[in-house]
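2 protein chains.
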Amino acid sequence: MIRQLTIYGVGLIGGSLARALKQAGAVGEVVGYGRSVEPLQKAVELGVIDRYETDIATAVAGSDVVLLGVPVGAMEAVLTELRPHLGADTIITDVGSTKGSVVAAAERVFGSLPPRFIPGHPIAGTEQSGVEASFAELYQNRRVILTPDGQSDIDALEQVRWMWQQAGAEVVDMPVAHHDEVLAATSHLPHMLAFTLVDTLARLEDHDDIFRFAAGGFRDFTRIASSNPQMWHDICLNNREALLKMITRFGEELTCLASAIENGDGETILKTFERAKLARDSYCETNS
Amino acid sequence: MIRQLTIYGVGLIGGSLARALKQAGAVGEVVGYGRSVEPLQKAVELGVIDRYETDIATAVAGSDVVLLGVPVGAMEAVLTELRPHLGADTIITDVGSTKGSVVAAAERVFGSLPPRFIPGHPIAGTEQSGVEASFAELYQNRRVILTPDGQSDIDALEQVRWMWQQAGAEVVDMPVAHHDEVLAATSHLPHMLAFTLVDTLARLEDHDDIFRFAAGGFRDFTRIASSNPQMWHDICLNNREALLKMITRFGEELTCLASAIENGDGETILKTFERAKLARDSYCETNS
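Just so you know, the sequences run in chain order F and S.
Going by the numbering used here, the first residue of the first sequence is number 1, and it counts up by one from there.
Going by the numbering used here, the first residue of the second sequence is number 1, and it counts up by one from there.
Okay, chain F solo, but in the shape it has when bound (with noise of 0.2 Å):
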C-alpha cells in the first residue's frame, strides 16, 4: 500500500495510474503537482486525485512515492526544483520514454542516480494527452519496463514494481541503454515515419486531393502522428544516438527497396514484404 502518492505532472499517463491505483485500493491519498493549475483542477474534479498543491515543498511532504510525469525534456529542471524537499525514504519513479537521458539528468542533479530513484517506462499510451484522456484500465496487460542499477535500493525497486503490477501491467527490469534502443525500433523510429509521411504529402501542391483520397489503412497508419509534438520532440532529443541509429538502417533498407523498384527486382520486391508479413503476422499471433 502507497499511503501517500505524488505525482508531478498529471497527464494521461499520471492520471491512468492514479484511477487505476486508487481503483485497486493500492494507494491512500493521491496528491498532484505541476507547472499550471487548471489540469490539476480538472484532475480533482474528474477525482484522478484528491488533493492538488502550489508549492513543491507541500506537494512532496509526507509522499512515499514522488511519480514524475513530465516530459523527458523537463526531467533535469524538475529533479532539481524536488530535490531539497526529498525525504530519506522517498522514492522517486517516472515515466519517460528515453531512459539514458533521465538518468544522465539525475546524474547532473546528485551527483549519481539515488539507490531510491527507479527509473520507469510503461508500454502504453494512447495519440492522445491531458488528464481529461486518462483511464484506469490503460495498463491492464501492458509492460512496463524498470531499468534499475547496481546500486538501486531493493525495497524502492519493489515498490515500484509492485506499484505497477497493481495497475494490470506486467513489469521487466532492463538495462538503460537496451530500453532506448528497443525503444528506438518499435517507437520512436514508427513515431518519425508517420510525422514525416504525413508532414511530406501536407507540403505537396495538391494536398487536399491527396488527403481525399486516403483510404482507411492510411488513418491506422498514421494515427501516431497526432500524438504530441511538444512530446516527441523532447523523446527525439533525448534519445538521439539510438534513434539516428534506427533512422539510418530504415533508411538504407527503403533505398534498397526503391532501387528493387526502379531495377524491377521483382524477387527482392516479393521476399522483402514476404518476410514483412510474415513478421507482422508473427507479432500478432504472439500479442493477440
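Treat the hints with care, as some may be off.
[Said to hold, decoys possible] The list that follows gives simulated cross-link-like pairs (lysine-lysine, DSS-like), each with its CA atoms no further than 27 Å apart:
1) F:271 to S:245
2) S:22 to S:42
3) F:245 to S:277
4) S:271 to F:245
5) S:245 to F:245
6) S:245 to F:277
7) F:42 to S:277
8) S:277 to S:245
9) S:245 to S:271
[Claimed, not checked] Computed Cβ-Cβ distance ranges for the label pairs, DEER-style:
10) S:46 to F:245: 41 to 51 Å
11) F:51 to S:249: 47 to 57 Å
12) F:175 to S:24: 56 to 66 Å
13) F:264 to S:24: 34 to 44 Å
14) F:274 to S:264: 35 to 45 Å
[Unchecked claim] Here are a few chain F residues that sit away from chain S, every Cβ distance over 12 Å (derived from the structure):
15) 22
16) 23
17) 45
18) 61
19) 80
20) 152
21) 154
Simulated from the structure, these hints should not be mistaken for lab results.
Every residue gets a Cβ at the ideal spot worked out from N, C-alpha and C, and that includes glycine.
Chain S: place on chain F using the hints.
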C-alpha cells in the same frame, strides 16, 4: 440493373462487390472465373456468386459487365485471354490499384483502350485477401475512382458508375496519371514504409525482444505490412515512376528530420511534428 456480371478473380474486392450488388438487387446472375477452381467453389458455397465456369468463353457469354479482379501484374495476360470472347456491347472494368499500367496493358492488347473498357479503382480493402474475407459493406461510403478517357463510351461509363453507387460508393472520375500520383502518396508509399519498417526490425539481432516490447501504436502502424505480398509486388512494379518519386520525397524529408535530430535543432523538429499533427487531425475531422 446488370443482368449478368462476370467476375474474373473472385477475391476480397470482387467478392465484396458481388455481395453488395446482390444485396441491393442490382444484379441478376453473378458468374465467377479464375485460374484456380477452389476459391470459385468457395464463392459458390458462400453464396457470393451463382455459378463458376472453367472455360473463358462460357464465363463471359451473355454478360453485360466483366469485372477484372486480378492483380495488376496479370492484367495483360487476362485481357489477351478475354479479347476473342468479348461481345460488342460487353463492358469491361477493373479494380486494379494502378491505372496507367492497366491502360498500357489494354493498349498493347487492343491497340488502344477500348471505349467500353472503363478502368476503375475502389479505394477500399483490408489487409485480408480472398473471398472468405469479403463482405457486402466494404464499399459503403468509400470512394471509387474511374479513369475514363476522351474516347470512353458514355453509357459504359455511367453503367460502371451506377454499379459502384449501388454498392454504396461515391464515384469520382480522374485522369489516369493523377490517380497514380495520388495513390502513390496515400497508399503505395505508406505500404512501402510499413513493409520496410517491419522487415528492418525483423532483421535486427535482438528482434524477439524488439517485437516483445512493441506497444499498441505499433500494431496499427504496421497493420498494412500484413497485406498480400504478391499484390503489392505487382503494384510496385506497375506504378514505378510515381512511387519512386514519392519514396524520394519522403527520404529527403526523413533525412532533414535526422539532421535536425543530430544537430539538436529542436525548432525544426517541433515545427515538423506540429504541421503533421495539424494535417492528420484535420484529415480525420473531414473524414470522420
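Going down the list of hints, with the structure as the test:
no.: 1; hint: F:271 to S:245; in the structure: holds (22 Å)
no.: 2; hint: S:22 to S:42; in the structure: holds (17 Å)
no.: 3; hint: F:245 to S:277; in the structure: holds (25 Å)
no.: 4; hint: S:271 to F:245; in the structure: holds (22 Å)
no.: 5; hint: S:245 to F:245; in the structure: holds (25 Å)
no.: 6; hint: S:245 to F:277; in the structure: holds (25 Å)
no.: 7; hint: F:42 to S:277; in the structure: holds (25 Å)
no.: 8; hint: S:277 to S:245; in the structure: holds (24 Å)
no.: 9; hint: S:245 to S:271; in the structure: holds (24 Å)
no.: 10; hint: S:46 to F:245: 41 to 51 Å; in the structure: holds (49 Å)
no.: 11; hint: F:51 to S:249: 47 to 57 Å; in the structure: holds (52 Å)
no.: 12; hint: F:175 to S:24: 56 to 66 Å; in the structure: holds (60 Å)
no.: 13; hint: F:264 to S:24: 34 to 44 Å; in the structure: holds (41 Å)
no.: 14; hint: F:274 to S:264: 35 to 45 Å; in the structure: holds (39 Å)
no.: 15; hint: 22; in the structure: holds (23 Å)
no.: 16; hint: 23; in the structure: holds (21 Å)
no.: 17; hint: 45; in the structure: holds (26 Å)
no.: 18; hint: 61; in the structure: holds (35 Å)
no.: 19; hint: 80; in the structure: holds (20 Å)
no.: 20; hint: 152; in the structure: holds (21 Å)
no.: 21; hint: 154; in the structure: holds (24 Å)
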